[in-house]
Amino acid sequence: MAVYRRNYTTYLGALTPAWSRCLVPFRYSKRNLFRSKLRTSLFVACFFFPAACLLMIYLSHSLSFLERLGAASQAFRIDNRFFFYFMNVQGVLSFLLTAFVGPGLISPDLANGALPLYFCRPFSRVEYVLGKSSVLAILLSEITWVPGCILFVVQASIAGPRWTWDHLWIVGSLIVSSVVWIAILSLFAMTLSAWVKWRIVAGALLLAMMFFGIGFAQAVNIVLQTEMGYFFNLGYLIATLEKALFQFGEGSRISVSGACIALLGYCVICLVLLMRKVRAYEVVR
Amino acid sequence: MNATTQSGATDGDTESKPSAAPIVELQGLSVHFGQREILRSLTACLRGRVVGLLGPNGAGKSTLINTLLGFYQPSAGSARIFGHDMRTATRKIRSLVGYMPENDAFISNMSAVSFVQMMGELSGLPSTVALERAHEALFYVGLAEVRYRQLGTYSQGMKQLAKFAQAIVHGPKLLILDEPTNGLDPSARQRMLRMIREIRDSRQVRILLCSHLLRDVEDTCDEVLILKDGRIAHHADLNEERRANKRFLELETYGANGDFTQAIEKLGCECAVSANRIKVILVNGIETCDVYRVAAKHRVRIRRLNFRRDTLEDIFLKAMETDMPTSMHRWSQTAESTNGRL
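One line per chain: the protein sequences are A and B, in this order. Residues in the first sequence are numbered consecutively from 1, following the working numbering. Residues in the second sequence are numbered consecutively from 1001, following the working numbering.
Fair warning: there could be bad hints in the mix.
Quick look at which bits of chain B chain A covers, simulated, 3 or more residues with Cβ under 8 Å [unchecked claim]:
| hint | segment |
| --- | --- |
| 1 | 1104-1116 |
| 2 | 1123-1135 |
| 3 | 1196-1207 |
| 4 | 1280-1286 |
Quick partial rundown of chain A residues pointing at chain B, CB under 7 Å, derived from the structure [stated by the list, open to error]:
| hint | residue |
| --- | --- |
| 5 | L15 |
| 6 | W19 |
| 7 | R21 |
| 8 | A114 |
Part of the chain A face toward chain B, derived, beta carbon under 8 Å [stated by the list, open to error]:
| hint | residue |
| --- | --- |
| 9 | T10 |
| 10 | Y11 |
| 11 | Y28 |
| 12 | R121 |
Derived from the structure by calculation, the hints contain no laboratory data. Being a predicted model, the structure only gives us computed values, none of them experimental. Heads up, the beta-carbon is just placed ideally off N, CA and C, and yes, glycines get one too.
Hey, can you work out the whole structure from these sequences and the hints?
Spelled out as structure tokens, the structure:
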């Protein structure tokens, strides 16, 4: 089908492996993502705090600086508390980034009925969801556990093998808490993106859902004189898990296993809702 | 092209003998949406180079296409495309098919070239090849000048062409076109039909064309499947139908009397007279010149003569009046005998 010939020819060349097809929507979505200056700026801003943490690690090993600080030098101790706070700040930033990025992933495909064009090809719904969610997964990884691990490596290289051995479990905590947070955020964002066609409304809904969850949880707790309301507070569930993972802070009002089950439940609900919407054509019974 | 020819051809044979291997084989295919039965036990074997799928609104044409693509699960029966069962080899089938849906299907904030390239990559083309073929496909359909514009800014006709480009970018073996001329102005419609004919004549791809427009089907197809209420109302090879159809002469005469019609009937033709018009059904071996000779002999002046055959419209209307004509029985039997070796 050469341009100058203007006639139709079939394609007989080699095809890419089937497993690599889910990278196609990932590449195109990511390319589209950084066309917006706002999203690019927000993404860059997410690296300011890790840079500050890096400086803090450097200063925590500077004796002259610590001597000048005196008693306040205790604040510069690098331990599980340091990484817990790091994860909290980056968690909030990743939530904001998701609110800007997530809604634009699926809604453009749904808005103009492009899904049949994806699924009439050797490309499944699972691959589509994987491809689209990997955009968020990679983006959020770049601002959560990846810089967290870099900070750990920098600290370990300065503090020596004894500190590294004593605090090695923090790496696992960083990765597990990040993966859970990324999975929750990605699924919520994509589900909203699939069900709400308007990108801005979907982003606003994601933000509202978090704050509405806090309010609803408090209301349930007060009205029913119970603590079950915390299961509706996504932030509280994540915080409960993170506190347990980083072995830091007071005990939570709900059990860690309860929080895990609730988070898993939310993931399943989101997946079911997502797969209901992500299909070539809806069947009207 | 003989649509009823039996063949055990494989995909490879499809390229060398494009009209021999069946494209689609339906065996008792039924589709239910809840309690509603949309397709009712369809059995047919489609072999044409371009198969037209006709039927009134709600007949089940789009449902059949969506079922063939694996979007809907059949409640009973089976369907095969190029010999691959749609239940077990959906991925394989989708790799052989290019699909142009009826409704809007595009990503508004993407340029046409990126969109078509992405669709090519999803079909398995390497990125550079997909980009090259995206440009070629857009040149081919006539969107070369606007290929860097966002699809959201396209007119309806341009969107149709972009959909067509994405359907052919990966060089499929079967092109499924659902109402390809929808929303096109007359010149764009002609252009679309010309491209379909060109692709048909290239013999590299088979086409399943779903349309409401009988003229479009008549212009491009060599086989038609007419659906009505989810059933097959008629299934025919258009070329054979045209050959078998009666030929008519509509005469407007001056000075005709009973002798003239009797002389015509002596040739073996049937005549129907109304006012000064005579409708003559020609039989084999009798041509228009014979009628002229008889008219000259009886001193009858022919003021107007129209020659016509049964059009697809006649076939369609006949199919809508009767549910299961004889030709349908013939084709169903062929399909059954063919399916015996599946």
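Hints versus structure:
Proximity of the segment 1104-1116 of chain B to chain A, defined as three or more residues with a beta carbon under 8 Å from a beta carbon of that chain, is established by the 8 residues found. Interface restraint, the segment 1123-1135 of chain B with chain A: holds (7 residues with C-beta to C-beta distance below 8 Å; minimum three). For the segment 1196-1207 of chain B, the stated coverage by chain A holds: 5 residues have a C-beta nearer than 8 Å to a C-beta of that chain, and at least 3 were required. Three residues within the 8 Å Cβ limit are the bar, and the segment 1280-1286 of chain B against chain A gives 0, so the coverage statement is violated.
The criterion of a C-beta within 7 Å of any C-beta in chain B is met by L15/A, whose closest approach is roughly 4 Å, and the hint holds. Annotation: W19/A was flagged as interfacial toward chain B, and the flag is violated, the nearest CB pair being 11 Å apart, outside 7 Å. At its closest, the beta carbon of R21/A sits 6 Å from a beta carbon of chain B; the interface hint therefore holds under the 7 Å criterion. Hint on A114/A holds. Least Cβ distance to chain B is approximately 5 Å, under the 7 Å limit.
At its closest, the beta carbon of T10/A sits 4 Å from a beta carbon of chain B; the interface hint therefore holds under the 8 Å criterion. Against a cut-off of 8 Å between C-beta atoms, the interface hint on Y11/A holds, since the closest Cβ of chain B lies about 3 Å away. Because the beta carbon of Y28/A sits about 5 Å from the nearest beta carbon in chain B, less than 8 Å, this interface hint is met. Interface restraint check: R121/A against chain B, minimum CB-CB distance 5 Å, threshold 8 Å, status holds.
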